[in-house]
Each structure stands twice: as structure tokens, then as C-alpha cells.
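Just add 3 to the spot in the sequence shown (first one is 1) and you have this note's numbering.
Among the hints, a few may not be true.
[What the hints assert, rightly or not] Computed list of lysine-lysine pairs in DSSO-like fashion (alpha-carbon distance at most 27 Å, straight line): (1) 97 / 112; (2) 97 / 156; (3) 126 / 54; (4) 213 / 97; (5) 230 / 177; (6) 231 / 192; (7) 192 / 230; (8) 231 / 213; (9) 192 / 177; (10) 192 / 112; (11) 156 / 177; (12) 97 / 54; (13) 112 / 126; (14) 51 / 112; (15) 97 / 126; (16) 97 / 192; (17) 126 / 51; (18) 213 / 230; (19) 177 / 231.
[To be verified] Ranges between beta-carbon positions, derived for each pair: (20) 209 / 156: 18 to 26 Å; (21) 48 / 85: 49 to 57 Å; (22) 219 / 40: 38 to 46 Å; (23) 50 / 101: 25 to 33 Å; (24) 145 / 85: 21 to 29 Å; (25) 143 / 51: 34 to 42 Å.
Derived by calculation from the structure, the hints in this document are not laboratory data. Given the structure is predicted, the values throughout are model-derived calculations rather than measurements. Heads up, the beta-carbon is just placed ideally off N, CA and C, and yes, glycines get one too.
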Amino acid sequence: RLSSGMLAEFAEFYSAQLSERIKASHQGKIARGEWVGDVPFGYVRAGKSIKPGPLWLWVVCIFVAYAGGASTVQIAAALNAAGIPLRSGRPWTKDSVLMVLHNHAYIGKGGGRAVGLYDSPHKPLVSLELWQQVQERLTARRRRPQGQRSGPKAAPLPFVARCALCGGRMHRHKHNGRPYLHCRAALNKTCEARGLPLGLVLDQVELLEKAGAPVAEIWLQAPTGIKKFTLVGSPGLNGSDA
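Using the sequences and the hints, build the whole thing.
Shown next as C-alpha cells:
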């Protein structure tokens, strides 16, 4: 009977062997000019390689816009407004834009973490000069000093706030120096909900709690505020239009 230590050693050995076999398989595909990994946005499969697809020009637009000073949030909003789809079907976010800007496939490279970068035979979509401009701006963005906080960090809200339009979480956000609650999807331009002054929401929650309704979760809609709410310990909705 194998001991737990022997099983652990066997599992580690098997994992190492499997990793080596996968790397060897990838190296063989690379030598044959095949594409290894997921197909990047803007490309489509062409046999065992990739080629520019119908959306390739949007890749160029993303790089040009970012090099010209647009933020990743602005680019994501523009792509969503234009109805440009991601392969996943989800809306664009700043993170998905960053994935495009960091992807070496657009300058004719393949590989990544599992396999080192290599020259791929597929057609690049952006020039090396444009790529370098974008990478310099991305590096400057990471190194930008954050500065000192103007005050202590705000305490977390004692309830969960959700958008009554899309059901997404609402987060604290400052607008013109005033604290607001904003739907995250609205900030990314994928929901039409408007923000609400945090003070208005806290006043309404206080009124509910004074009436004996300890609030656990609220759904907000501008301009009225709380549209419905859930009490502490209750899974259902217990009220509306507070």
C-alpha cells in the first residue's frame, strides 16, 4: 500500500512528465508553423494557423486610440457602442482592452507563459513602431505615482447595493467631489443607470431601520433611490419604493 508521501511524489513526477510532454507537443507544432493557443481577437483559424478576420481593423483602432491618449475605459465603451463582439459574448471592459494591447500576436509573435515568444508565420496587424508606443504608455501607466490619500479610507457600506436596471453591484464613486453610488456596468457604458448621491441612499436606509426594517440588500434606481430591499435574514424582497 502506497503511503501519502509516496503518492505525493508520484503525483509530482506525473505532473512534471505531463508538462514536458505538453511542451514537446507545442514545440513540434511551432516547428510546423502551427498556431499554439487561443485565437486572438481580430484573427480567425486558417487550417492549423491563423489569419486576419473580419474584425482585424478594430485591433488597429484599439492600438491607435490608446497611443493617441484614449483610456482603456473609453476604448471599451466605444467598442460596446459600435456593437463589436468579443468571442465570449460578454461586453468589452478595460481588462479585455488591456489583453489586446499586451498580446504579442499583433506583431507576428506566438507563445507566452507556457512557451517562450517565437516568430510566427501569421500576418501581424500593427507595426512594431505603434506597438512600442503603446507598450511605453502602458509601462508609464504602471509606474505612475499614486500619490497620498487625501483622507482615511471610507468604511464599507453595511448593506449590499444593486442596480435596479441590470442587477449588478453598485459601488462608491466620487463625482464633482461628492460621494455617489454608481452601477459598475454603467461606468463601463453597458447599463443606462444613473448614479445616486450616497447621502440620499443612507438617509433612506436610516428611515427603514428606524421603522424596524434592518436592511441587508437594496436595489437602487435614479432619481428616487431605493426601489426594493431585502431584510437581514430574509431571502425575499420585503418592500419597494422606500
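Is the gap between the beta carbons of residue 219 and residue 40 within 38 to 46 Å? holds (44 Å)
Proposed proximity, residue 112 with residue 51 (alpha carbon, max 27 Å): Holds, because 16 Å separates the two Cα atoms, which is no more than 27 Å.
Restraint status (C-alpha distance of residue 97 to residue 54 at most 27 Å): holds (25 Å)
Keeping to a limit of 27 Å between CA atoms, is the pair of residue 97 and residue 126 held or broken? holds (26 Å)
Is the hinted pair residue 231 and residue 213 satisfied, with a Cα-Cα distance of at most 27 Å? holds (17 Å)
Under the criterion that the straight-line Cα-Cα distance not exceed 27 Å, is the pair residue 192, residue 230 satisfied? holds (22 Å)
Tell me if the straight-line CA distance from residue 97 to residue 192 falls inside 27 Å. This hinted pair holds, its Cα atoms lying about 11 Å apart.
Taking 27 Å as the top limit, are the C-alpha atoms of residue 156 and residue 177 close enough? holds (13 Å)
Would the pair residue 97 and residue 156 pass a check requiring their Cα atoms to be no farther apart than 27 Å? holds (24 Å)
Run the distance test for residue 97 versus residue 112: straight-line Cα separation, threshold 27 Å. Holds, because 23 Å separates the two Cα atoms, which is no more than 27 Å.
Hey, residue 213 versus residue 97, does the alpha-carbon distance stay inside 27 Å? Violated: residue 213 and residue 97 sit about 41 Å apart, past 27 Å.
Does residue 126 sit within 27 Å of residue 112, going by the straight-line distance between their CA atoms? Given that 27 Å is the threshold and the Cα spacing comes to 9 Å, the pair holds.
Of the numbered hints stated above, those contradicted by the structure are hints 4, 10, 21, listed in ascending order.
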